[in-house]
Each structure stands twice: as C-alpha cells, then as structure tokens.
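Novice: Residues per chain, in single letters:
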Amino acid sequence: MALHLDHIHARAGSFDLHADLTIEAGARVAVIGASGSGKSTVLDVIAGFRMPQSGKVRWNGRAITQHAPARRPISILFQDTNLFPHLTIQQNLALALNPATGALRAPDVQRIDQVLDRVGLGGFGSRYLSEMSGGQQSRAALARVLVQARPVLLLDEPFAALGPALKDEMLDLVESVASSDGSTVILVTHDPKDAERFAPQTIVVENGQVLPPQDTVDLLKNPPEGLRAYLGS
Amino acid sequence: MAARALAIIAALTVAGLVVGPVTAVILRADAFSGFTPADWQALRFTLVQATLSALLSVLFAIPLARALARRQFPGRNLLVALLGAPFILPVIVAVLGLLAVFGQSGLLNRAFAPLGLPELQIYGLHGVLLAHVFFNLPLATRLILQGWLAVPAEQFRLAATLGLGKRALWHTVELPLLKRIVPGAFAVIFVICLSSFAVALTLGGGPRATTLELAIYQSMRFDFDLARAAALGLVQLGLALSAGLVALKVTSMPVAAKGLDRVVPRWDGQDGVSQTLDVVWIGLAAAFLLTPLAMVALNGVAGITTLGWSVWQAAGHSMSVALGSTLLCLLWALPLATRWGEWLGLAGIALSPLVLGIGLFLIVRPFANPFELALYVTATVNAFVSLPFVLRILRPEAEAIRADYTRLRGALGLSGWAWLRWVFLPRLKRPLGFAAGLTAALSMGDLGVIALFADPDRATLPLKVFQLMGAYRMEQAAGAALLLLILSLGLFWLFDKGGRVGSAS
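Quick mapping for you: the protein sequence lines, in order, are chains A and B.
By the working numbering, the letter at position 70 of the first sequence is numbered 70, and the numbering carries on one by one without gaps.
For any residue, its number in the working numbering is found by taking its place in the second sequence, counting from 1, and adding 1000.
Derived from the structure by calculation, the hints contain no laboratory data.
Ideal Cβ positions, reconstructed from N, Cα and C, are used throughout, including at glycine.
Warning: the hint list may mix true and false statements.
Covered stretches of chain A (chain B as the covering partner; in silico rule of three or more C-beta atoms under 8 Å from a C-beta of chain B) [said to hold, decoys possible]: (1) 44-55; (2) 68-74; (3) 77-90.
Pulled a few chain B residues facing chain A out of the computed Cβ check, cut under 7 Å [stated by the list, open to error]: (4) L1414; (5) S1415; (6) A1418; (7) W1422; (8) V1423; (9) P1426.
Isolated chain B, as found in the complex (with noise of 0.2 Å):
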C-alpha cells in the first residue's frame, strides 16, 4: 500500500538523520586524544547552571502557580495564555529584552546608579540562569497550574467543610500533588538546559561559563578541531540521551494543555497574607516576562526604520528556512503520526542540534562546501528538532480519523489520494495549523546550528541579529530583533489561523 510504503521511507530518513550523523560523530571522535582541564570545566558547568536552572525555575513557579490557580482577576486568562509564549519566543530576542533590563546600561542599573547601589552584571553563570528561568518558569509554571487545576473541587470543597489551616491544606492536598508533579518539571527543564546553546553564546562565555554546546561551536568555529568537537558532541549525547530517558519516565510534556483557563471555586486562601502573596508573585512574574518584551519592542521601534540591506536578506533566508522546515517536518509527521512513529520522533529531543550539526558537516564535507549547504542543513535539522513536539500534537487526533472513518472508507473503497484529500487532510486541518504556526516559528528563531556553518552571505535573521550584537550596533539589532519577533510570531499566527478557518466539524 502507498500509505505504507510512504510511512516507511518517512521513517528510514529519520532514522538516517539520526544514525548518519551520529556515526560520522563517533568516527571522527575516535581520533581525539583526551579531555583538557576546559572540558571538564564545560561538563560541569553544563551540569550545574542546567541543575540550577531547573532547580529556580520550579522554585518560583510554585507559587506563582498557586496564586493562579486560585485567583480570578481581569487578565488572568491572558497571562495564564503567554505563559505559552516563551516556546515560540526567539531566544536571542528574549537576550535583547534580558539585557535592556538587566544589562549593564540596562533599566535597573540606570535606576540604581542614583541611589550608589553597586552595578548589575548580567554575563556569566547568573546571566545564563536568569535567561533559562525566563524561558522555563512560564514552562514550569503550567505544567504545575495544570496539576492543581486537576484537583478535584471535592477535595478544596472538602478542606472547607473540615476548616482545614494552611498548613492542613498543604499537608493533605498540596504537598502530594507538588510530588507529583514537581519532579517531572524538573527534569523537562533539566534536558532542555543541558542542550541550553544560544543562551550560553550570548549571556555565557569565557572558561567559566561554557556549555558543552558552546564549546562544540568554538572547537568549530575559533580552534577547527573536527574531532574534539565530536568527542565533546559525543558526551553531549550521553548525556541528553540519558537525562532524556530519565525525563520521558517521570513525565509528560503538554504542548497544547487544555484547560488551563478554568478556576476551582476555593475557599482557603483567602486572609489577608494569602492574597497579599499571590498579588505580589502574579506581579513579579508578570513584571519580569513582559518587561523585557515591551523593551525590545520600544528599542526596536527606533531601530527597525534603519536596517540595512543585509538584515532584510537574512530575514529572507530565515523566511526560507521557517517555510522549508515546516514543509519537511509536516511531509515525516503525516506518515509517522501513528505509535511508533512518535517514539522514532523523540530522537529529535535526545539528539542535540549542534551534534546533528557536527555529524551533517562531516558527512557533507567530502562531497561539497558544507558552507554552502549552511540553510539547507539548517532547515533540515529545525524540522528533525520541532518533530517530537509536532508528532505529539497530530498523532491523538490522527488516531482518531482513522478510528473513526476506516469503516467509512472501506465501504466507499476510497483511495489513498481520495482519503487523503477529502478526509484525512481536512479533519487534521486545525492540529495542522497549529503545528505548522510552532514549526515555523521554532525554526525562524533558531539560532543554533547556522550558527556553526554561518558566513555573511547565509545568515539568519537570528544570527544577524547576534552579529549586530557583537559589533555593538545596539540599535540595528534591537530592531532587528523585532523585526524576527514579528516574523516569528506573524508566521505562527498565520498558520495557527488558517487551522481554524472553516474547520467545522
């Protein structure tokens, strides 16, 4: 059958997308000849800052999702919406925003200069920290919102009854529930910062904050040593690997979490501490996510009239890439939303860009200049990367076409065109379209394996935007940046709406 036939070449190209690289990594790895003191150092940090991040990132986020779990105020909904939005956000925006907060001629230390308070530095390990919390507290914040939303309102409306105290309340509800699902929080942010690449190359730096991801880059980029930055990528994924399995047991990851707009009636909570906390937290939190994104939006209305021509040219490049990525990511998904496809899928999670990188360079290099190749393989890797998450999104609903319609279709005698044209296609429009939207706007902010191949003429817009940051041009990359913020959010507004056009059902 088509179907299979098609489902199966889908899946020998991941695969060989997975085995390919990795192989041409450990062949070249083979020549290396031991770790330097800087290795080690890079192994640690990696270890630590993604320890640490995870570690605050959780710590905050259980208050903040206490208070929004049980408060109702005019905004709420919104919030609870962008708390979804880091998942899509450019890092290197997010760096911009960081810095024209936290930065050295940032808004707290011009607000601090004044009163003689000592100057904030952001680079190095608390930089890099402060960039992941920005980006993982929102995604622990839900992941826990979503926990206490699943408490059953019997068991708030119990503790009522009973006049259960705080520390009843915490004791019989809360404390079981966070051990639950705290751990699994934990170690989602964990992976996720082991792998932490461009965070690190603009916050981190220097021998004493190093990821391993960073020290790849510059054993490509700065030294050219093929076989040191296999051998660095080659623990890079042990360690993704193992932490992911790790990961992969003690939790799910929601991608699209239902729900999380409704509020459980309660009734604790509500003396005058209780509330002053949570008012206090919700605003905190809601101060630190959208400060820095109202900043690069305000420097980046100045700069965006001024940009150069090869700043429109990289946003044509990233334009390209994002379209080309969500095309090949869509045409693997299609065939492989099934069971077995989702867990060839999670390669994509375990398997670090930089090291996929590496590996597609050495295959490449033989045959052609691999820097010529730097948006293909760019595209490539974007798409093999948003795989899992786009997998998880089609495959439930996927399952429940075929469930549904296979009589339906065996009794017509459709054909695999005909099936996939009139029933298949259009049923799966609105997953589609959301998937497609978080494709295209993961692949338009990447700033990861270009990075390694990048010369002038194939640069992203992310990376432009990187590289007017390094030439002190602030204002050109500010507007830059928003320029990809636009882009990024536009292409996934796009595709997330043409979902839900006229998708009734």
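Pulled out of the complex, with its shape left as it was, chain A reads as follows (with noise of 0.2 Å):
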C-alpha cells in the first residue's frame, strides 16, 4: 500500500516541477520548501486539481491521474474555505456525506454526531463558522475531512492562522485520529517545527524538484545549501 508520484511532470505558471517518489501508507509525510517553491503544486497534482503535463499519479499500483478530486482517495484540507459559512456544521457534514443531494439522511446523523465527538466539538452541529473561534473552525474543517474517510489525507498548511499552542494541540489531534484511522497524512508547512513534531518524513521541494521521503530529524540536523538558505541556520 502506498502513493506513487511516477515521474510526474507538472508545470505552474512558468515553473516547472518534477516528482517521483514513494509515500508509503500510513507514513506521516511533511513537505517543506520555499513559498513559491512549488509545495501547494505538489499537493495539487496528488489531490487532482492540478493534472501533470506527464507522468502518474498511483494508489497501491492503480493510477488514479485521470480521476476528479472527489473520486480519489484522497481528503485535502485547505489553508482556507473548507467550510460553507451560510451553512450549519451539521448541513456541512451532511454535504461531505452525500454530496449528489446534499440531504441530510437518517444514518448521518449519528455517523455526524460521532466524528463531532472525536474532535472535541460534541454538541456544536447547529453552528455556524462565524458563530465559533479559530480553533473550533479548524476542528469542523478535520470533521469535514474525517466524515469523508478517505486513507489519504492531504493538508495544506490549515492551521497557519492559528497560535503556536492551538497548532500544536490541533497537529496532536490529526495525529490521534489519523492513528486510530490508519490514514496516511501529508502536511505541507512553512515551519520546521511542524515537520519536527508531526512528521518523521519530510519531502523537499526546491528548485522545480520533489525530493523523496527522507528522515525529518536528520535533514533538519543537515539541510542542503537551499534549504539552509530558508531556515537561516
């Protein structure tokens, strides 16, 4: 079981970025790079809202480059909007479940009412996002993806906004879950300390190119010249 980038080739704007790699299943991935380095391109690519100029995107050997966002097994948490704010948690949720209608089905209910419990927001299915702070919304963004249950799971500096203390409660919690899930997590992240305390892996990106899984204490111990060059030590 794992993710394969297979000499994926994939081009933003006027850069172009190269990646083949192995991401093995349930590993704890960080990627880190440059802002404009290409990180969030990765991410897309893997996610399917970027399609490669060449090269395949593959899930346990079956390549999965042709399918839509939603039809991979892949969730994706992103830095902003992973909520509708006209819309109650709960109505989120019942979207994420159904998304051909949106209805909110018997059996929902209490799927929804469990994954609320897990995070920590038992109780709250009736609010709104304006109606809870930073650290709630970024808890009913993780239930968004939890209720989704896919074995990948994707995410795109989300918790930036937070302070130090709430991002790392809310790294400790997709860590526990994750955990007890079995998913696979890849997090993309400015902040060597995030790498550090989520991810014994990390992935970096400099110079249009992906570099495979290597061990986060040892690379941040003895970074390459571009990466010392972003982390100023």
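Using the hints, build the complex out of the two chains.
Specialist: Structure below.
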C-alpha cells in the first residue's frame, strides 16, 4: 500500500516541477520548501486539482491521474475555505457525506455526531462557522475530512492562522485520529518545527525538484544548501 | 456538463430573441417605399429631445450633486435613496403626477391663474423634456455624486490648507472631475431618451412631438402599415445601437451604487452665497421630485375605491406578467452570469422593446393571433430588457462564489444540483432578491410593447391607466395609478426583503 508519484512533470505558471517518489501507506510526511517553490502545486497534483503534463499518480499501483478530486482515495484540508459559512456544521458534513443531493439522511445524523465528538465538538452541529473560535473552526474542518473517510489526508497549511499552542494541539489531534484510522497524512508547512513535531519523514521541494521523503531529524540537522538558506540556520 | 448545457441553452434563446425579430424586421422593411416628411420629422424630434433631455438633466444635476456632496442635513440619506427610485417608478405614474402639478388644471396653473399669468401647457416638446428630466435628473445626480464622493478627502484638505478660493477649487478639483464624469452621464441619458416611448405617448404626440418609437406604434395601431413600422424600427435600431456603443465606451452604469450615503469632510463652500445656493438647489429638486408623487398619492386615495372590475383584472394581468418575466429573466441570468453572458445581455439595452415587439409580431402572425399572445410577448420582452441590469447585479457576486468555493466543491465532489441548491443560490440570495425586485417592478410598470398588441381583454395596469386618461376619467386614472405604484414598489420591496432575510454569511 503506497502512494506513488511516477515520473510526474507538472507546470505551474512559468516553472516546472518534477517528482518521482513513493509515500508508504500510514506514513506521516511533511512537505517543506520556500514559498513559491511549488509545495502547494505538489499537493494539487496529488489531490487532482492540477493535471500533470506527464507521469502518473498511483494509489496501490493503480493510476488515479484521470480521477476527479472527489473520486480519489484522498481528502484535503485547504489553507482556508474548508466549510461553507452559510451552512451549519451539520449541513456541511451532510454535504460531504452525500454530495449528490446534500440531504441529511437518517444514518448520517449519528455518524456526524460521532465525528464531532471525536474532534471535541460534540453538540456543535447546529452552529455556523461565525459562531465558533478559530480553533473550533479548525476542528470543524477536520471533522469534514474525517466524515469523508479517505485513506490519504492532505493538509495544506490549514492551521497556519492559529497561534503556536493551538496549532500544536490541532497537529496532535490529527495524529491521534489518523493513527486510529490508519490514514496516511501529508502535511505542507513552512515551519520546520511542525515537521519535527508531526512527521518522521520530510519531502523537500526546491528548484523545481520534489525530493523523495527523508528522515526529518537528519534533514533538519544537516540541511542541503537551498533548505539551509530558507531555514536561515 | 449540465451547467454548460444550460448556459448554452440560455445564450441561444437570448441570441435567438435578438436575431429572429431583427431579421423579421429587416425582411419586412424591404417592402418599404420610402420615408415621408413625417418620418424625417420623427427622427429629428427623437434626436433633439434626447439631446436636450440629457443636457438639461446633467446641467441641473451638477449643482444638485455638488450640494449633496458637501452638505450634511437631516433626511439627506433618504433623499439620496429616493434618487434611485425613478428607476423602478412606472412612467405612467410619474406622468400623472407631473400632470397634476404642471398640467392644465394642475397645481401651478391654479396658483398662477389668480395672478393673471399665462397658462402653462404641458403637451409637446417641453412636456417630454419635463418628464425626461424628472426621470433622469436623479440618475445624473447619482452618477455625478458618485464621482464627487470618490474625490479623495485629502484633496479638499489640501485645498483648505492652501486656502484655495472658489475659482481655484473649481479649476483644480471640480472641473477635471466633471470633465471625467459628465460625458458618460450625458451619453447614458441620451441613449435612454432615444428609446422614449411611454413619455412621448402620453405627453408628446402630434406631428411635432413624435419620437421614432411613437411613430412605430402609430404605424402599427392606426395605419397597420407593417412595412413602415419595420423600416422605422430599423432606423431606431441603428440609432440606439450606435449611441449605445458610444455610451458603453464612455461610461459605466451604476445599478446599485454603494457608498452614496457617505460625506467627505469639506472646508470649502462655507460662505453665505454657497450655502444659500445649495439649500435652494436641494429644496427645488426635492420639491420637483416629490410633489408629483405626493399628488399621485393624494389624488389616488379618492379614486382607488371607485375602481371597476376591469382595472382589477388589468392589475391581475400585470402581476402575472411581472412574475413571469422575473422568473424568465432569472432563468436566463443565472447561467449567463459570466463575462461573455454580460456582453450578450447588453443587447437588451440596444434593442428597443418596440422593435422587438414588431419583430415578434411578424414572426408569430403566420401561426397565431398575436393579440392573443400579448401578455406572453410582453413578459418575454420585459425579461429581455431587464437582463443587462440583472446581469450587472449578479455577475460580480456569482463570480466571487465560483472563485471562492470551486476547490471545496471539487474536494467534496458536489453534484451540479447540490452546488446550486446548497451553495450557489443561498450565497447569491441577496443580489438575487434585489435583481428580482428590479425586474418585477420594471415589468409591472412597463408601458411599451403591450400598447402595440393590446386589446381590451388583455390590458395591463399601466395600459389601463393610459386608457382611463384618454377617456378623461381622471379620478379613476389616479386611483389606478396609485394601485400601480403600490404594486410596483411592493413587489420590489418584497423581493428585495426576501433576499435579505437570513442571508447571513
């Protein structure tokens, strides 16, 4: 079980991005690189929001390159706009469970309540985003990807707006739900501390190259030149 | 994709509604033998009245906008809001109000008679101009006021620091500003007045005060000379199209201008002369705009209880037409709320309702009795005419919704239906309500294409008012006009309110 980026060549604007790597199922992998290096582009290729020029995205050997985002074994948390602000949390989650009609079906009610309990938002189903704190909004967003129940979870700096303590709390929560579900988690971050805390392995993106996962501790102890400049160490 | 198919269907029907009638008009105009002196007269009058209407509206709007820009007084916001009202005010209601003030037995004549002053005559060129200024002075004022309020406060602060006098301020700030805005305001009003029909129908007429649109109507109703109507329609089309393109280049039409209630702090214009002038301008404008409406209400109250069955029937027709055309317009507008859709919708400004009406009449006639379809044709044409305004209102919001939520939609895999039902429509609710209100009110008050097709059984309320006026049953006309005013504003209010309810984000 693994996610393969098989000789991927993607183009974002004027720069090219090359990736050829494997992420094992159940892994925790951080993606770091300078802003503008193409971190988010990598995620977009995996999630299906950007079609590569060539190469294939594979899950367990099967190519999913042509699949629409929602048909991939993947869920994604964006930097912002993870839920619709005019719908209650329950309506949002019902939409995630039943994207064909958005109607709240009887068995979904219980499922939504369970997921909200897991992220510490029991009883928040009838709230709107505007009625919640920043930390609670992040938990609600996490609930959305949890009801989607996909084996791979992509996080595109979703907690960047939170303070350090709240961010650590959210990363710990992600770790605990992901390990009990056996999910693979890929976390894009600009903060090496996040990588250290959360991900044993790290992918570096620089000069249009997406390097294969390396041991995070070794990498940060002995960063390659480009990363050193970015980290300022 | 289903959404794409819907957009194509909407675009094709709108385009068909342009191409079909225009082709029919062109083919029919072929049989035309040549312009009579009366036709040339109509062309000349159309151009003269449109030029003068635009000129006067802009001329009066400049001091009024300046006064509103630099004065703060109780009721200012209400007055500024009222400047937006003529857009949805039925023409026939305004005409009745103007008659009550400036007409033969109107307020002014009654006040002047004991003084031995000559009697005012409202019919003819000056009546047409009066009504056009009544409708377009507020529009021009809003356009110019918008420009004035967009002048950075720093400029006035700088002028105050330098101690610039009135003349210097005029040359450094106000004149450049007006040079930028006035041509656009003039062009918009000129285009609007080119296609003036209801005003010319009620206050103009006669060989010396007939617009092209009115001449089209007369060829249809009185002479049943379809070839002549079509030929005049072609001239009207060319005129409106070329003027519309020019206007489009020099202006941007504010349908729902925001921020007109703000006041930029000013240090100029504090001398007695300026203050007096501003007070006079604001007072005159308020009296000019509000007295006719007050008279409609006053005269109407007595008449509204005496309305016969046929008036209520006409009101029912108008409600159906208004709601039908609102539905049709929104069905067009939702898939066309894109950049190219807005371009397509602009045809609704260039193509005059009467030309469209003639074209549809010619198309329908071989298959059915056009007079039986009068209400359907009216609803369709009204929807078409409102489309550019509705698109102007909806498009920015629709594009923002798509830009904000496309990725989330993709991540969730929402179906087209779920997207529409749970995201697109709920988030578009507020502008949708406003747009629906505008369309309904415009259609409710429309006295255009219905006049071409009307028979007594299928009159709309504005047409009924016109017929009552023609029969000199002024009390009932006033009552029906009040009913029309209430229904138009009521529909607008209801839709707009409906869009605001629960549209929390």
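Novice: Compare the structure with the hints numbered earlier in the document and write down the numbers of the violated ones, lowest to highest.
Specialist: none
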